[in-house]
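Enquirer: In case you want the letters, here they are:
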Amino acid sequence: MVAISNEPLRSLYVHVPFCAHKCEYCAFYSAPPSGDIVNRYIAALVREFELVAHDLKPRTIFFGGGTPSMLNMRQWELILTELDRFNLLGAAEWTVECNPATVSADKAKLLRDFGVNRISMGVQSLDERLLERLGRIHSRAQVFKSYDILRAAGFDNVNIDLMFAIPTQTMEIWRATLAEAASLDSEHLSCYEVIYEEDTPLYAQLKAGEFDVDEDLACAMYDELTAFAGERNYQQYEVANFAKHKGTAASDIPDRACRHNVNYWRGGSYHGVGPSATGYVRGVRTKNWANTQIYCEQLEKGVRAIESREELPPRRRAGETAAFGLRMNSGWPYADFREATGFDLRTEWPREMDSLIARGWAQETQNQFKLSERGLRFADSAAEMFL
Amino acid sequence: MEPSKIRNFSIIAHIDHGKTTLSDRLLQTTGTIAKREMQEQLLDSMDLERERGITIKAHPVTMNYRAKDGLDYELNLIDTPGHVDFAYEVSRSLSACEGALLIIDAAQGVEAQTVANLHLAMKQNLTIIPVINKIDLPHANVELAKQQLEDILAIPSELAILASAKEGIGIEEILEAIVARIPAPVPTGAPTMQALCFDSYFDAYKGVVTHVRVFNGEIRAGMQIKLLHFGKTYEIKEVGSFNPKPYVRDVLTVGETGYMTANIKSPKETKIGDTITDARNPSPVLPGFKEIHPMVFSGIYPINASDYEHLKVNMEKLKLNDSAFIYSAESSVALGFGFRCGFLGLLHMEIVQERLRREYNMDIIATYPSVVYRVFLTDGTEKEVDNPAHLPEATYIEKIEEPIVKAFIICPNENIGDMMSLISEKRGTFDHTETLDTRRVMLTSLMPLNEILIDFHDRIKSITRGFGSMDYEHSGHQESEMVRLDMLVNAEPMDAFSCIVHRSKAEGRGRALAAKLKEVIPRQQFAVAIQGAIGGKIIARETIGSLRKDVTAKCYGGDVSRKRKLLEKQKEGKKRMKSFGSINIPQEAFIEVLKTST
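Protein chains in written order, with the working numbering: chain A, 1 to 387; chain B, 1 to 598.
These aren't lab readings, by the way, just hints derived from the structure by calculation.
Incorrect hints may have been included.
Stated by the list, open to error - Capping the alpha-carbon separation at 25 Å, the derived lysine-lysine pairs in BS3-like fashion look like this: (1) A:LYS207 with B:LYS571; (2) B:LYS516 with A:LYS287; (3) A:LYS287 with B:LYS574; (4) B:LYS554 with A:LYS244.
I would like the entire structure built from these sequences, with the hints used as guidance.
Expert: Put into structure tokens, the structure is as follows:
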């Protein structure tokens, strides 16, 4: 058992709950901005920064959404200035999610000037028809244009988000999208299969029988993805994440991996602010109200807008950490696991590890335990064993 | 009442030919019940009976009638279940009568059930009074109905009474004919009291209420009686009749019909057809008694395992009013704990299942029904098998005999060809055809009972667009090449899907089941073979490809807690699955297949 440290946390997640239009597949909390809600949200967010600032010395910051890039120049300026006031600038990796339709040169420059150094672009597809199918508000052309703007503003660490197994998407379309995305030569690719989340239009369409899921095609697309990534020197480091690495392939995690996300998968602590944001602080998971109105009301009263808290007993917490860490190609170096959880993977879960190895789903070396290429395709089944 | 003033009769008819309307009209005309008290279809008291136009429980009703000769008569209408499943009950009810009204719908003519029921009545030597009903309908064809009477039923047409129960036409004439044509009961001449138990129901306060017909002597409260076949003695607490509600009488004399109570706790004690007689000085048994044996068996399981006890209690309750229904506990790997149930026939099976669902609110699933096979073993012994699990291995079997029925199928002329193909598909042997009229024929054929269990009736209805009808009577056994078909997942048998089928049908059924199972069994992390097998021989096969992935595509910080709960839930779910070797199958998958294939 690790002693609870009083050191400030090194990661911060900020949720921006606004979107011009909700995408068909999206289950994240977001809504179109109306009235004065954005300004009210920013004021509340600033209050929340103030409440957590004493416990933060961020090495990574991630602005996600929603659509953070939807905020206008004045709003961004306010947020960035306040972060400066609370001494929260200077993260080694600072990512902002952008929708290609809402990127401008001025905004890019502003973000860059305050220290944002990584952009995650929600591209999803480069097929015009599929973009429409998914309810995206941007076009192919806007992707290329925004990408150039970001590069010109000096962003040298860009991620492109892509989706596959979209209804009606063929293997040809997927290959074409991959090839075009790779030709942009971004530092990072996040490619994930469509997930049918309840309460999304896409899920309702599936249940209504408007289309069928072709699991074999989805698998083939995933195979195509991993093969393609390998050819283009993107190194896979998590189920859905690929990054460039200088020189020869990294033994562990590639240079351009998203450190913020690695922290999640490795069970690290972080503060989460904004409506619906989750945090993981000294073993306690919290979730803010997924309702901007309530969120603002709470912070206007000067308290955080936490809807729920969860604290697992140490052994179960360690199991959860083991389970999620195995989503990474590098699995768990034993020393890192012990440092993160206070437990020894080998003495706590020897049977589970043996069973995974016997199935050909995992490999064990002297220093680490990791899922095999095949095992990664069954990461959920593997994860269950540790829970 | 003087026996010479008593008439006991029954009404036999095809569904919807107007039996219930006529019964109600007789009650009304005799003043047994006032018109304002009439509720439509008075005698059929269960919802199911009304809905399906059939009578499940028989009710004897006593009517007083002053005939044109100026004398007062007691007319006892003994209603019958009217379906071949209940042929034995029908025969006992009929044996309590001296005559029967045979109703024919003037617009529909003779139907399959008319024939089957008439055969039963004739076996009891009843005097038949033919009634051509619904003559008021615009498309009524009285002449044709008369001709069918003569040609098909061999009844002189001049005996027929033309009636419309709905319009009250011919009712007096029917009542007069009952008095004039049906013989009065004649005492058997036995030394002491003799009465027939022809039905019973359970009353929470009085215990079993037995329907009786007195054949000799009289019965009254306080008498010591003996049920000869059951072998126990009782003291009569109450006797009475129905009008149609029960009312107490001092005595039931020879020839009369009514009920008695005697603190009988269980319906098992009042066997239908049993003889009631004086306890100290018993008379001989009345003829015709048989122990009733279920003809069709099926497993009934609660869909939620936790309902098992509840289901058990409800089956006990159901059995109180349905002594022909039997059940015993059984368990299945696929379906958990449930009951092996025996029924008199298809309709009886449907009724029981429907009543469990509706009246008792049970969520149940039934397995593929089976008939009772006579299995002759190589060691010279014989056993009856109603459950595929109990069929011995083929090497120990000398031969198997399956129950056969004589089926009467009435269909429009243009469907004869399709109907003959259906009969042959169902392994029937065609016996003969009779022309009913210019439009219809009646096909008589011998069919294995097991072939008409599943969809035979529906197929007839669909071939004839609803105009066909079918009925059957049991017709012994015949040797057949029956085999046990097992369904296997990766070589492990799934008991819920085993069935006994004719060898020629095994492959087709095996394939159909394998295809359905393939649809519902979730992919596993390895390929799964679903096979249909007879003994060691595989006759059908489907392969479920292996699951190629099981991983949530996108998982970030915000999801961890939610995702963990989801995985924990899945893990729990897998624990509740049924294991066949290394394969886990949710029970819902089995239920899905059983729902669509039985």
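Enquirer: Run every hint past the structure and note whether it holds.
Expert: Now for the hints, and whether the structure bears them out:
The hinted pair formed by LYS207 (chain A) and LYS571 (chain B) meets the criterion: a straight-line CA distance of about 24 Å does not exceed 25 Å. Our distance criterion of 25 Å between C-alpha atoms is broken by LYS516 (chain B) and LYS287 (chain A), whose separation comes to about 44 Å. Distance check on the hinted pair: LYS287 (chain A) and LYS574 (chain B) sit about 29 Å apart at the alpha-carbon level, beyond 25 Å; violated. Only pairs whose Cα atoms come within 25 Å are accepted, and LYS554 (chain B) paired with LYS244 (chain A) is accepted, the gap being roughly 20 Å.
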